[in-house]
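Participant: Following the hints, complete the assembly by docking chain B onto the known chain A.
Protein chains in written order, with our numbering: chain A, 1 to 347; chain B, 1001 to 1291.
Hints in this document: simulated from the structure, not taken from any laboratory.
Note that the coordinates shown come from a computational prediction; the quantities given were computed from them, not determined experimentally.
Between beta-carbon pairs, the in silico distance windows are: (1) A1142(B) x A48(A): 40 to 46 Å; (2) P105(A) x Y1046(B): 28 to 34 Å; (3) P1153(B) x A306(A): 46 to 52 Å.
Derived DSS-like pairs (lysine-lysine); straight-line CA-CA distance at most 25 Å: (4) K269(A) x K113(A); (5) K269(A) x K112(A); (6) K63(A) x K52(A); (7) K1137(B) x K139(A); (8) K115(A) x K302(A); (9) K72(A) x K269(A); (10) K269(A) x K52(A); (11) K302(A) x K112(A); (12) K148(A) x K203(A); (13) K282(A) x K63(A); (14) K1137(B) x K203(A); (15) K186(A) x K320(A); (16) K157(A) x K1137(B); (17) K158(A) x K1137(B); (18) K141(A) x K1137(B).
We treat Cβ as the ideally placed atom computed from N, Cα and C, and that holds for glycine.
Chain by chain, the residues:
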Amino acid sequence: MRRRTFLKGIAATAASAGPLIVTDRTIAQTRTIYVNTWGGSWTAAEEAAFFKPFTDQTGIRVKTVAPVSYAKLKAQVQSGNYEWDITAITQAELLRAEREGLVEPVDWTVVKKEKLFPNAVYANGLAYCALGTNLAYRKDKFPQGGPKTWADFWDVKKFPGNRSMLNNAVRTVQFALVADGVPVDKVFPLDVDRAFRKLDQIKPHIKVWWTQGNQSQQLLRDGEVDLIVMWNARASELQQQGHPVELVWNGATITTTMWGVAKGAPNRKLAWEFLQFAVQPKPQADFANKLYYGPTNPEAFKYIPAEVSRQLPTYPENQKVAIKPDTVAEADQTAKIQERFTQWLAS
Amino acid sequence: MAGELSAAAVRTEAAPRSAKGNATAWFLIAPSCLALVVLFVVPIAYVLLLSLTDPRLSIAHYQRIFTVPVYTRVMVNTFVTSLIVTALCLVMGYPIAYVMARRPGWISTLLLTVVAMSFWTGFLVRTYAWLVILGSKGPVAAAYGALGHGQAPQLLFTTFASTLGMTHILLPYMVLALYAAMRKIDASHLKAAASLGARPIAAFREVFMPLSLPGVVNGSLLVFVSCLGFFVTPVLLGTPRDMMISQLINQQIEELLAFGFASAVAVVLLVATCAVLAIYNRFAGLDRLWG
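Next up, chain A with everything else stripped away, as it sits in the complex (with noise of 0.2 Å):
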């Protein structure tokens, strides 16, 4: 609000003082900044709630390149070419990307400490949104009563039914230690061994590893299977549209996306501008209510209807039944776990 008081501030004085303030505004309006984010519904949601509202009120243009890239990243700082300037990327992925040099640190000069929430910083990066992992199945299959815990996806004789579930290591490993009976908030640090034990279990039961966030719409949908693990939204998306899925929270994992700033990138100041402003309640909401991914700012809250919040992976209820993060551990251990998973997906 202050911005553009301020902003017609300058619209009246360049009517009196002539020229040369106009010119500058002409400037200001032709900066661009390039984000480089997950294409689709995403950046439709996107569009809406942070990049015209801040154009509006800055003039500064936002531009998109899809789909998010890490390796790009680093492609990027390594060679001096960029493509974008800003990324979202989970929270293990920038420390990982910190470590390695590859992104800016806060610029405090354009970043106002005391307009940001709590840890709303991280590894260099600002707090984005929050994504969930979860356990998601059509209740046409289950007239009784669904599954309610990983226990219960495992258990094939008391929920029958194809299974599908994502192809990423430190997530089903993470699934695999809860379905064997670790509490929520002992998950870290990891049992390998145990977790993949435990897998064994289920492998054979498993239709499909997906890849990709619309195959496991697809999938669900078509009744290709009918249990699966899901992200949070996706699944909210199918029932907006009347599929009869349902979606469970307990054993979840809650994942933040982060925005990072590329090292380097030419338009960092800017970018530093348009992450201040993305962070704010206000267009957190608006994201949030457009796609179902939890805001990180706890005051976005006020701006969104309590039946979507519940929805919501950051909503306090979900988050109490969820697996409790360790991001730390979690960048220590991908490559790690990765390479095992992909060894034991393949014998």
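Facilitator: Relative to the frame of chain A, chain B by itself:
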């Protein structure tokens, strides 16, 4: 490589070889040589360099490829799958190309249209089509049930599905390569064979088939090499057990930022592909690939 070839060609054609003519020839091919160096030689050299230096100077990445079972397995699987797909394309493509080349008229036009249409349809679209056809609610499963066999076996997410998908996508390459070779075979050869008493089968075996061999070799090479780099189709239709080399490279780069290891895998794939080309060159001659 192609640069050297064309240089040689220019030199043999400039009959009275003069220093001046030579200089002109080099001048003329310089732009394409430069393009080749910038677009191919430099990037490949960079990949090779990365595989030996990222994160530090060592041959550890190569040792890992050949000692960790899963990576060796992925390599072997990639080559075996490519061989199977090539063989299937050949078996299915040969009769189609034969009819197209030997039976001019509406049937040949129709076949050519069908082959060209699937050639032009995006492979992603064709892969998704198989998801529908082979799905548990798809026409194959429905036909199976309607014939009274009960529940159809799982077709999707199997090695069968991914092999079928890849064969379908690469078949047009094979058919077009065969067709190009067969069209060049003069029909009078077969008439001559018949006039000398050969029955149709013998004429085909003794005359037509040997003359079509360049097409067989070209098509097979094209399909085999394309198949080595397959990515999306096995991911969507197959099982994790069918992992191909490019999936491995993608995973190493996108999920683990392991540029060095991924480069090493790419180099091994490249060397293996070159080995195939070298064998081809030994027996068939690379220059025949271009007609």
